[in-house]
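**Student:** As they're listed, the protein sequences go chains A and B.
Reading the first sequence from the start, the letters are residues 1 to 583 in our numbering.
Reading the second sequence from the start, the letters are residues 1001 to 1583 in our numbering.
One or more of the hints may lead you astray.
What the hints assert, rightly or not - Below, in silico cross-link-like pairs of lysine-lysine (DSS-like), each with a Cα-Cα straight-line distance of 25 Å or less: (1) B/K1024 / A/K500; (2) A/K471 / B/K1500; (3) B/K1471 / A/K504; (4) B/K1131 / B/K1071; (5) B/K1504 / A/K471; (6) A/K128 / B/K1128; (7) A/K500 / B/K1471; (8) A/K504 / B/K1024; (9) A/K131 / B/K1071; (10) A/K24 / B/K1504; (11) A/K128 / B/K1131; (12) B/K1500 / A/K24; (13) B/K1500 / B/K1424.
Just so you know, these hints were derived from the structure itself, not from any lab.
Just so it is clear, the structure is predicted and the values come from calculations on it, not from any experiment.
There are 2 protein chains.
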Amino acid sequence: MSHQEGLTAYIAAFVAELSKTGVKDVVISPGSRSTPMALVMAEHPDLRIHIQVDERSASFFALGIAKATRKPVALLCTSGTAAANYYPAVIEASISRIPLIVLTADRPHELRDVGAPQAIDQIHLYGKNVKWFVEMAPPEKTEDMIRYARTVCGRAAATAASYPQGPVHLNFPFREPLIPIMDENMFELPERVGGYVEIETGRLSLSDQTFAAISEDIASYKKGIIVCGQLDNSEFANEVIALADILQFPIIADPLSQLRSGEHDGQHIIDAYDAFLRNEDAKEALKPDVIIRFGAMPISKALTIFIKENRTARQFVVDSGAGWREPTMSASEMIYCDEALFCKKIGEAAAPSGNPDYLNKWLTVNELAKEQLSAISQVEDLSEGKLFQQLTEMLPEDSTLFVGNSMPIRDLDSFFLLNKKNIKVMANRGANGIDGIVSTALGVASVSQPCYLVLGDLTFYHDLNGLLASKLYNIDINILLINNNGGGIFSFLPQAKEPKHFEKLFGTPLDLDFSHVVEMYNGKYDLIKDWEQFSETLAKNQEVDGLKVMEIRTTRDSNLKEHRDLWNSVSREITTMLKGDTK
Amino acid sequence: MSHQEGLTAYIAAFVAELSKTGVKDVVISPGSRSTPMALVMAEHPDLRIHIQVDERSASFFALGIAKATRKPVALLCTSGTAAANYYPAVIEASISRIPLIVLTADRPHELRDVGAPQAIDQIHLYGKNVKWFVEMAPPEKTEDMIRYARTVCGRAAATAASYPQGPVHLNFPFREPLIPIMDENMFELPERVGGYVEIETGRLSLSDQTFAAISEDIASYKKGIIVCGQLDNSEFANEVIALADILQFPIIADPLSQLRSGEHDGQHIIDAYDAFLRNEDAKEALKPDVIIRFGAMPISKALTIFIKENRTARQFVVDSGAGWREPTMSASEMIYCDEALFCKKIGEAAAPSGNPDYLNKWLTVNELAKEQLSAISQVEDLSEGKLFQQLTEMLPEDSTLFVGNSMPIRDLDSFFLLNKKNIKVMANRGANGIDGIVSTALGVASVSQPCYLVLGDLTFYHDLNGLLASKLYNIDINILLINNNGGGIFSFLPQAKEPKHFEKLFGTPLDLDFSHVVEMYNGKYDLIKDWEQFSETLAKNQEVDGLKVMEIRTTRDSNLKEHRDLWNSVSREITTMLKGDTK
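Whole structure, please, built from the sequences with the hints as guidance.
**Tutor:** Right under this line is the structure:
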C-alpha cells in the first residue's frame, strides 16, 4: 500500500462523511501542507469551496455563513501562523455559539518542535475556546482507520451543532508527498453510504412537574418583565409573545432578539428602554418583582444596570446551552432548558397573573420615549442616530441588517425600533470585537440576500481585507460606512474628560479616503451629502451588483451632543409625566 | 484609599519600572478596558507610544522594532478578541526568539465567563507560546503590591530578554472607573529609584576541558563544513570567520546569517549552494565528515537534504538558546553554548585540520555556480531572480533588507550573494508566515534606515493594513512588490501537475490594482516597466519620504522556467567540471 493510496483513502473518507453530515460550505486558505485535503474537497461534487487568502478574514467569513445558516461550516488552512489567524473568529464562535469545524494541516510528528519550516505547536492551539480538539491519526488505509476518519468527522460535526453550538478543531498531520491520487470514485465508501454514524442530539427539557412549579411560582408575582437578548431560534419569537400575552408581562426586546421586526403582534414589545431606563423616576416606577430572561445579555448598559438595581426581584435565566450568561449576579434561578419549549410549557400551565397597570406603565413610558426619539427624523444634518431610524423605513422586506460593534450596535439599540418588516438583525456579540466584521457580513451575504452592513470607520479599516471576497465571488453587499474619523464611542466614556492624550490614544483619527480601496475591490462608492441623496442611493443600489459602499461622514462631537440632547429630552418628559401621575 | 488612587499608584509603579528596565517602545491599540495603562504610559516622558488600530498589525510592528533593536518592546490592548489578534506575532516571536512584553487588559474576576461584554478567557491565552504568563493581582496601593508590580515588571522584561529571547504575557484585571489620577509626580517611586530589582542574565558556556575535547574531536576530521543559519549576534560573524580560517572549513552562509554582507574577509563563504546542491555529482564530491551548525535551520531545502544525506558525518549543533533546531535527525552532538564564545574557544584550542583540497572543491564549485547564476543579470525582462541580484548592486550602504516569505526569501537565498556592503538582511523565519510582513518591516524601518522590503502580492495583500503606520507616523519605507498575481511558490510544488484545481486552490490570482491602496495611504507608487526605470526609481526614491511602492509585475510560468533553466545550467556545468576532474 503506497503512502498516497493511504492518504487519499483516509482523506476521501473524511470529506465524503463531512458532506454526509450536511456541511455545504468550506472556506479554504491556500497553503502547501493542506494540499491533499484541499484537492479532495475541491473534487467533491457537493461542497461549495470559498478561497480566502487572509485566514483571519476567511474564518470570519465562515462564521458569517454559519451564523446565517445555523449549520456547521468547515475551515481549512495550512500549518503555521495561518491557523493562529483563525483565533479571533474561533473565540467569537465559541462565545456566540456558532458551529465551525476548523481543520488545520500540520507537519507530521517527526517535524514538530525541531525547527522545521512553518511548524508551530498546533496541539490545543485554541485552548479551551473549542468544544473539542482532536489530533488526528496519521492517514492510513485500513478498515479501522477509515472507520476512524468517518467517526471523528461525524462526531465533530455533531459536537459543533449540538447545544450550545460552537467550534471544534481537528489537526491533521500530513507527510510528503502531499498529493492524493485523484480518482472520481474516491468518495465511494464501502459500507453505510448514507453516512457512517447518525448522531441525534436532543434539546434540554424539564419535567412537567418542574414546569408547573415554575409556572405557579411566576404567576404569584404581579410585576413581571420578560427580557430577550440575542437569540436565534425560529420557534422562539411566537412562543415568547404568546407567553407574554398569557402572563401580561412586557417584553424588553433587544434588537438581536429578532423580536423588533416581523409580522408578529408587537403589543407587548418594549423597544425604547435604553433611552428611558436612564431616568431615575422611570426606574422607580417600573421596578419588577420577577424577571424572566432569555438569550445573551442585552446590549443596553442602562438595562443591565436596571437589572442589577432590582436584585430583590426573582430572576429566572433560561439557557438552552446550559451556560452562565449572567454578569449581574442577580439571578435567583438558572434554568437549563430550550427557550421555545420553556415558553410553551410555562404558558400552558400559567394563569394570567400580570398587573395591567404595571404593564401599561411600561407601554406608556415606552410610547413617550419613542415620541421624543422620533425627533431624530427631523434632524437635517447627517446623523448616526437618524441613520438607523431611516433604515427601519427604507430597508427592503426580508433583508438582513448586520451591524458593527462599538457605536453602531448602540445606535441600533436606540433607534432601530419595532417595525413590521421581516428584517433579520445580526452582529458579532460574542466578544463584541471590531475585528472581522466585513468578512462576517460577507459570509452572511453569500447565503442571505439582500444584505446591509452598517459599521464605523475603525471597524471598516480593521477588516478591509474582507472586501476581496465580494470582488472574487461577486457577493452583493450594501455597506453603510459611518465615518466619524476615529473611535466615536470614546467620546461617551470618562476619558473624554482627559483632553491631554485623548485624540492620540482614543480619538485616533485615520484620515483615510476609503474611496480608493473601494475602487481597488471594484466597488461602487458614494459619498453621501444629505438625506435625500441617501435614500436615492440606497434605492438605486438595489439594482447594482457586487460591493456598494455609501460613506456617511459625521463628527464625534456633534454625535455626542445629539445623543445627550435626546436622552435629556426623553428623561425630562418622562419625569414630567410620572410626577404628574403621582400628584 | 480610593479605587482610583490604588489603580494609579499600581500602574504608575509598573510603567516606571518598565521604562527602568530599558523598554523604550510601546505599541498600543485603542480600547476601553486598557484606558488606565494607556493613559499612564502616554504620560511617561521616556516611552515612545505607537498607536495601531489593527492589533494584528500592531503586534507585528512591535515584533519588527524588537527584531531591529534586540530589546523588549511592549504591546498593550483592551480585553476580548483584540488580544487574540496578537496570536500570530506572539507565535512568530516565540519561534524566532524575539523579546515582546504583551500586556492585555481584562475584565475583573467577577465579570469573567458570565456573558459580560467583550470578555473572553485571557488566562494562558497564548498557551505555551509565551515564556511566562502572569495573571496580575488587582491593582492596590499597599507597599507589598507596589513592590509586586515592580518585581513582576522587571522579571517579565528579563525573562523576555534572556536566552532564548521570546514573548511574555501579563494580563491585568481592571475594574471601573478606568481613569487614573493624572499627576506629574506619579512616577516618583519611594525607594530604589534606579530600578527596583536588577536582573543579570548570563550566557551559556562550557568548561575549558569540554571545549578542548570538542576542539580535538573536530580537528580529527579532514572534511568539515560550518553551516550558519539565521543568527543575530553582533560578535558572531568575526568569530566564526576566524574559526573557519583556523580549521580551513568552508562556511555555508544562509542569507540571514548576516555573513553574506559586510566588510569581513569572505574567502571561506559559500553562498551559491542552493543552486549546486541540487546536483548529484556535487553532493558526492562534497560529502563532509563533520558538520558544525549554528543558528536556525537554513532556508535552502537542497542544503537540508544534503545534511540529511550525510548522516554518517558527525554533526555538532550549537545553540545559545538550548532549543532543538534540528529537523534532520542527524545531529550527533547538541551543544548548548553561546555561539560566538564557542567559535572563540574552539578556535583557540584547535590546530588547522581541514583538507585544502576539500575546501577548494567547495570554493571552485561555488565559483562555477555563481558564474552560471550571473547570467541572470543579462535577462532583459523583469524577473524575480534578477531583482535580488540587482539589489546587491543598488542598495545603499548600511541599509536593511526585509524579505517576505514564500518565493522572495528563496530568491534571496539564490541570488543575493556575497557583497561588501553592510546590509542587514531580515525576515520572519520563525513560522515562515505570509502574515504581518508589512508591519514587521515598518517596525524595523521605524528604528533602522534606510529600509527596503521585498515581498509578493499575496503577502502584501495579507497585511495591507500595516501600511497605515507609514502614513500616520511618516515612516520611510521602500517596498518592492513582486506581483505575479497569485501564489508563485506553488508552481514549484507537485500540485502544479494537477491542473484541474490548480488556479483555484493554489494560483489564486487576486487581480488587484494596488496603486489605489498606496494612494489611500499617501504613498508614492511606481509601476516598473523595465530595469532602467527600476534603477532610476530606486535611486530617486532615496530622496522621497514616507511610503514608496515599486511594483514589478512578473508571470508565474516564466519565473518557474527561468529558475529551472538556471539550475539546469549550473548542474550541467558542475557535472562537466567534476567528471573532468575525475578523468
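**Student:** Next step is simple, just say for each hint if it's right about the structure.
**Tutor:** A quick look at each hint next to the structure:
no. : hint              : result
1   : B/K1024 / A/K500  : 21 Å, holds
2   : A/K471 / B/K1500  : 23 Å, holds
3   : B/K1471 / A/K504  : 15 Å, holds
4   : B/K1131 / B/K1071 : 16 Å, holds
5   : B/K1504 / A/K471  : 15 Å, holds
6   : A/K128 / B/K1128  : 13 Å, holds
7   : A/K500 / B/K1471  : 23 Å, holds
8   : A/K504 / B/K1024  : 18 Å, holds
9   : A/K131 / B/K1071  : 38 Å, violated
10  : A/K24 / B/K1504   : 18 Å, holds
11  : A/K128 / B/K1131  : 19 Å, holds
12  : B/K1500 / A/K24   : 21 Å, holds
13  : B/K1500 / B/K1424 : 42 Å, violated
Consistency with the previously given hints fails for numbers 9, 13, ordered from lowest to highest.
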